[in-house]
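Participant: Spelled out from the first residue to the last, the chains are:
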Amino acid sequence: MNRFAALLDRLGYEPRRNAKLRLLVDYFRHTPDPDRGYALAAMTGALMFKEAKPGLIRGLVEERTDPELFRMSYHYVGDLAETVALIWPAPGHESVAPPSPLRGGVGVGVGKQERGADNAVASGPASTSQSSPLPGRTTPTSNSSPQEGGEIGPGHNNPPPHVPTLSEVIETLATTGKSDLPARIAAWMDALDETGRWALIKLVTRELRVGVSARLAKTAVAQLGGMEPDEVELIWHGLEAPYEDLFAWVEGRGERPESGNPAPFRPPMLSHPLEDEDFAKLEASDFLAEWKWDGIRLQAAAGHGSDERPVRRIYSRTGEDVSRAFPDLVEALDFEGAIDGELLIVREGRVQSFNVLQQRLNRKAVTPKLIAEFPAHLRVYDILFEGEEDLRPLPFAERRKRLEALVTRLDDPRIDLSPMVPFASWEDLAAARADPASLGAGPDADAIEGCMIKRASSPYLPGRPKGYWYKWKRDPYLVDAVMMYGQRGHGKRSSFYSDYTFGVWRDGPDGEELVPVGKAYHGFTDEELLKLDRYVRNHTVKRFGPVREVEYGKDRGLVLEVAFEGLQRSTRHKSGVAMRFPRISRIRWDKPAAEADRIETLEKILERGEKEIHPLKDREANEA
Amino acid sequence: MALRSTDILTQTPQGLYCPLGDFHIDPVRPVKRALITHGHSDHARAGHSSVMATRETLRIMGVRYGEDFAGSTQEALLRETVRIGDVSVRFSPAGHVLGSAQIAIEAGGTRIVVSGDYKRAEDPTCLPYEVVPCDVFITEATFGLPVFRHPDTRQEVKKLLDSVELFPDRAHIVGAYALGKAQRVMALLREEGYDKPIHLHGAMERLTELYKSEGIPLGDTPKVVAAERSKLAGAIVICPPSSIQDLWSRRFPDPVTCFASGWMRVRARARQKGVELPLVISDHSDWDDLCRTILETGAGEVWVTHGQEDALVHWCTTHGIRARPLHMLGYGDEGEAEETAAASAEAGDAA
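Residue numbers (the numbering used here), protein chains in the order written: chain A, 693 to 1316; chain B, 4 to 354.
Isolated chain A, as found in the complex (with noise of 0.2 Å):
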């Protein structure tokens, strides 16, 4: 538990992903089995364990610390989880816990003969500090550090409590009940230091939340073999923790295991960004076109396992299973095979913006009244294997004759295909991506985000090849917003001001006044950023942490135009506006303050989006 502890803990500031992975590789090499495979699961979600509620972490702290030492302190840290690690009382760290009911509580007939009680537990662990040259005191003898000392109490005879492995945490939580996970929970923490039950908590919560995601971990291991990620990946789905076969196989040792999963996750194929001068390299007739749909990335896979019952799965593009997310889809896929397509909200024939799709994501409950209000929908792009058919291989032309056949013999409303966008030259495609509402895509227009470019010939292959697929964006959103904070980056940049806030005008109660609608950290040059670092420090008003307030006014301050790919309403923004992707696209040194954007600017942009069908209850009370 101790190195996995170490672990956690180093990566949740680490900020770099090659660094990350640095790390992650170090623990897989240098941990055994089991316990590196219970790690993987843990940072892949793999955990099949009941969680414990952070209440029942709050419950053990509370029997065990004075309420109000507790109350300070986690108004202090800020953080429940690690409060209750740096705050438990271990043996040997009485001085936390709650009065004794003898002493009355606050200062009310207090006895000599307790205060002695007291002295002699807390003189008890060891000492560096010379003897007391009164006579009659205790004394310290032990020669150890306090640290040390602390692990045994005084009148704690017992040997040190056995500090359990990661292997034993994940086991026993998977075997016990409700009612003995308090006390298990507890002797673990008693015995883990605070690192320890920093990462312990973390674990039995399911709240990892260290910046490493399933595919970085997969990532890792691969790497361990020299292997590339995607083959880990092929084979990933038939695998359960704690993955013994899977490090054997990368590690040379061992047989690749075999894929048991008759549903699995294959790698998808992905697209670069088309530049300006890529058209005279590129042939419009060796191309087709597609929409490129404002939604989520999904691959869905069909089997049947040996029992000959249905095996159905929605994996997200990184290959995480997301099929509890959406029963209504998988119930659709009533075919053999792997598609690739993107998940929409359709209500009445008509694609939803991004903003309400966002509303069917991430929920923990998928209820009945969710799934009726935001219809999940998929639509295709491509086909992958068709029964046991392999048909990456193909060009993609043939491939898209498979898939809308097989769209066809669904005849399901949750799925349909993604139409193809006629063009006979590159102008012709760029007068649709500029109008898309008029060529075809009618009111679904608001959900498209440009085109993608596809070769006619090229094959299905895992990762983003070069020369095949391209996404030719729809030009962003710009608006010229004034500066207002500058904050410090991270890693590499953490010596810059690097992460600017910035706001455009609105009225305010006392005449126009800026008001904070985004924040950027990219899109500048490395010179750039030497730039607006200076400006930041040269024009610094306040400073707040690593953040500093700079000089903003009508008549002061720094236009930055931003660019973003579309808005959403927030309670969380002052503005009541949030960004998506905002970037700085460039610097006004030029433009005065006064002249940046206003508020409405940004309104209306919403209002575009916003477009939607309302489901049913806001549908019923329009009908009446």
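In short, the hints are calculated from the structure, not lab data. Wrong hints could be hidden among the right ones.
[Claimed, not checked] Taking lysine-lysine pairs in the DSSO-like style, the calculated list, with each CA pair at most 30 Å apart, reads:
(1) A:Lys742 - A:Lys1061
(2) B:Lys215 - B:Lys161
(3) B:Lys215 - A:Lys894
(4) A:Lys1056 - A:Lys894
(5) B:Lys199 - B:Lys226
(6) B:Lys162 - B:Lys226
(7) A:Lys1266 - A:Lys1234
(8) B:Lys234 - A:Lys1223
(9) A:Lys894 - B:Lys162
Following the hints, put chain B in place on chain A, whose structure we already have.
Facilitator: Then chain B, alone, in the frame of chain A:
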């Protein structure tokens, strides 16, 4: 009848004052006569008419403020009782930094101990804390919350060494206060067998030399030459905390930002400073040691000077010890005043 404690020691705008001996302890403004517990700049300031402190503290003040930092100086011998006015005064080791001492003042059968800043954990660079039994114990509470339990320093140093091994192509920039913490980190690294040069920011140089001249072995500690920074892949560099995020640290190869401080126990604090490798190494007592020390002094009354006073006062009260916060101004959180000193030292050293 014994004197009341407040007759022996009172609070003035300058700091704690002993009317019977007509002296201040760690005054924050210039006074006639100052007794100084240790050399950190929030406790030891220049401009007093006369200063009494341990030999090491006087040397530190000389290095920081120039030899004329006070009208006159008097060396305090450890564990020797001296008469000042109507009180007797005795300095004993506090275990905080080189030369740090607690000051016991006794009059009319009442003994008050002003502990200054202190710690109980092992430190190869200074004498260990000695418990001085007393009636009134005046303590700091920098880490006066039960969430602060400092881990074994060896584990923390090992964390640093493991990281150096794992990232041999990156420089590890360790922020540490120029007086005490920096030298302790060096000494701990040496104890763990690290024998390569430890590179120092210019602001660390003179105090580190002073430590060495006091017989503390710190090994080879070259000053970082500005032009050589890009060549220090795999090196450990120690600098003032203000420099870890500064222009100065940019030129090192892909630096790993480390910070040695008790505050690193709390993740939000480490993140706020942009630290990637927090090292929980403190020169102050943690919660357990604050509580333990109060009990060991046998004091019936505790005054808390600065830090997280409320929790410690609460704890004393629930343990039947009278306690009150002094809410003293001018004493920083660990090293905050040190920061300023380091920054100004740096300014003269901007290369």
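Participant: For every hint, state whether the structure bears it out.
Facilitator: Results for each hint:
{"no.": "1", "hint": "A:Lys742 - A:Lys1061", "verdict": "holds, 25 Å"}
{"no.": "2", "hint": "B:Lys215 - B:Lys161", "verdict": "holds, 23 Å"}
{"no.": "3", "hint": "B:Lys215 - A:Lys894", "verdict": "violated, 45 Å"}
{"no.": "4", "hint": "A:Lys1056 - A:Lys894", "verdict": "holds, 18 Å"}
{"no.": "5", "hint": "B:Lys199 - B:Lys226", "verdict": "holds, 14 Å"}
{"no.": "6", "hint": "B:Lys162 - B:Lys226", "verdict": "holds, 24 Å"}
{"no.": "7", "hint": "A:Lys1266 - A:Lys1234", "verdict": "holds, 20 Å"}
{"no.": "8", "hint": "B:Lys234 - A:Lys1223", "verdict": "holds, 26 Å"}
{"no.": "9", "hint": "A:Lys894 - B:Lys162", "verdict": "holds, 21 Å"}
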